[in-house]
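Order-wise, the sequence lines are chains A and B.
Sequential numbering from 1 applies to the first sequence in the working numbering.
Sequential numbering from 1001 applies to the second sequence in the working numbering.
Hints listed in this document are in silico derivations from the structure and should not be mistaken for laboratory results.
Some hints could be false.
Claimed, not checked - Pair by pair, the computed Cβ-Cβ distance ranges are:
#1 48/A <-> 1028/B: 45 to 55 Å
#2 24/A <-> 1107/B: 21 to 31 Å
#3 85/A <-> 1110/B: 20 to 30 Å
#4 1167/B <-> 66/A: 50 to 60 Å
#5 1109/B <-> 159/A: 39 to 49 Å
Values in this document were obtained by computation on a predicted structure and should not be read as measured data.
Positions of the beta carbon are idealized from the N, C-alpha and C atoms, including for glycine.
As a plain string of letters, each chain reads:
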Amino acid sequence: MSGDSGTYALVKIAAKDVEIRYRGKVALKPATFDIRSSTIHSIIGPAGSGKTSFLRSLNLMSLELDGAAIKGSIKVDDDEILTIRGAEKMAKLRRRIGIVFATPQPLPRSIYENIAFGPRIAGTRKKADLDALVEESLRSAHMWDEVKDRLDLMGTSLSGGQQQRLCLARTLALKPDIVLLDEPCSALDPISTYKIEQSMQELKGNITFVLVTNNTKQAARVADRTAFFLMGELVEDGPTAKIFTRPNDQRTGDYIEGRFG
Amino acid sequence: MITLPRLPRLLHPRHAQVVAKAVLWAMTLATVGVLFYIIYFVLRRGLGHVGWDFLTEMPRRSGSVGGIFSTIVGTLYVTGVGVVVATPIGLGAAIYLAEYTREGRLTRIVRFGAESLAGVPSIIFGLFGFAFFVTYLRFGWSILSGGLTLAFMILPTIIRTSEEALRAVPQSYREVALSLGASKWQAIVRVVMPAAAPGILTGIILGVGRSVSETAAVIFTSGVSLKMPHSLFDSTRTMSVHFYTLTMESISEPKAYATAAVLVITILLINVAAYTLMNRFTRKFR
Ligand SMILES: Nc1ncnc2c1ncn2[C@@H]1O[C@H](COP(=O)(O)OP(=O)(O)O)[C@@H](O)[C@H]1O
Ligand SMILES: [Mg+2]
């Protein structure tokens, strides 16, 4: 378990000169920074800064669904992902790099089937294997005890906080090595927020988390490193403690102290 | 410039509003009233002659004696062929329109074509079916010819309702499926289509209703045989055509109305089913 920010930490995601445009309009100016293996890396910044665009580029959803054009290079474990094309390879990438959206998005099916969806598509057929995956994922998302007796309940009938933890569990069932979260707690109660933060901290030994958050306190609580985006620009990136106490850029301090955004 | 003479103001605007409302209400009531009267009219004359025997006996002596069993079977077969052929084609077109193309010239052309097809009088379909399936393809007057003709007729309904149903499925479902490693096609098959199923089914049921009640298109293509059909290439007579023949050839008024009663009840049940599904579907997503 190396959640530290030591000098020799492995680079999981290397973003180099990543520029994102939508129909010519720049959403993120060329940004370069590394996301280290087995850490929680948060991205903070006001709305419209390009946080979501960056996050959705890490699993190529911005490219495939939002009509984004991405320049530069994004390497995951030293492999370039921006050149990946084709349904099969995209699917493989998304099993490696899971995502949890801002609003909880359970599919209209049971808790069990929500979680089994990804593994089934990946080819897991045996009931026993699926059962085990469902249990393990729900435990990891701190939800097993709440729902173990009613796995056939519709995912959509859960409370918002439970729905979001179900979505986290569903992502974990893919056995990803990276999980992207886009303001996952923006609509959640404090207890569910706490449980999600706890899950991330427990799991970061095996999973690298990229956490976009509109809540600077959350970044301060859980993130090992933090990047600050402002109006389509990566202002700075560094260890969370440093960003929050001794930022290099005046604007970072202003944002953290709530002077704008 | 022509100025219209101003009409003297007869009513205060507030009263005009009340009057307008009353008139509109009366019109609505009249519509519903006519519907109920037709149902009442048919059932009162026909229901008395409908019994188990009527439904299960073969028609004899041109239908003046016996039941309508072979026409029920014929209706089922012709409708069945129509729906079985139109559903995959219609659904395929709907998936293409809703999932695989952006709005553009092509979608407009396809949609215009489908709308135009929907506006073609059914007797024209009958003539087309006769010329193409019966004569040119030599299917003869048959279940196959009738069913294929009906398939063309109900295709627009199935395309339109299915496309709407697919579009009503939240975009987020597709995103979630893709984010979990599904291909676009897997997302459509495993997530979008199940969510749209009630809406798609509504379109199919409406198609069934249209097929069951169709007369002109079928009489030219499936013929009027009262014999029990044994293959897709046999001629058959549907209930609607049977009713038409019994009436036009003054064969038997009681049998005609009894047939009409069965038809009306069938159509009512089909519409209630379609309506219920549609309701459940819209409540789910709006
Ligand atoms: N799908 C899209 N199409 C066009 N422009 C977009 C799209 N998504 C985001 N943008 C634009 O890109 C910029 C960055 O947005 P976003 O990445 O959502 O920022 P954030 O997540 O920090 O709020 C905004 O100006 C936004 O309007
Ligand atoms: Mg965002």
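Satisfaction of the hinted span 50 to 60 Å by the C-beta atoms belonging to residue 1167/B and residue 66/A: Taking Cβ atoms as reference, residue 1167/B and residue 66/A lie about 19 Å apart, which means the hint is violated.
Given a hinted range of 21 to 31 Å, is it respected by the beta-carbon distance of residue 24/A and residue 1107/B? Taking Cβ atoms as reference, residue 24/A and residue 1107/B lie about 25 Å apart, which means the hint holds.
Check the following: the C-beta atoms of residue 1109/B and residue 159/A are separated by a distance inside 39 to 49 Å. Distance hint for residue 1109/B, residue 159/A holds at roughly 47 Å.
Kindly confirm whether 45 to 55 Å is satisfied by the beta carbon distance between residue 48/A and residue 1028/B. holds, 49 Å
Outcome of range test on Cβ distance (residue 85/A, residue 1110/B; 20 to 30 Å): Holds: the Cβ-Cβ distance is about 28 Å, inside 20 to 30 Å.
Figure legend: structure checked against the earlier numbered hints; the only hint not met is number 4.
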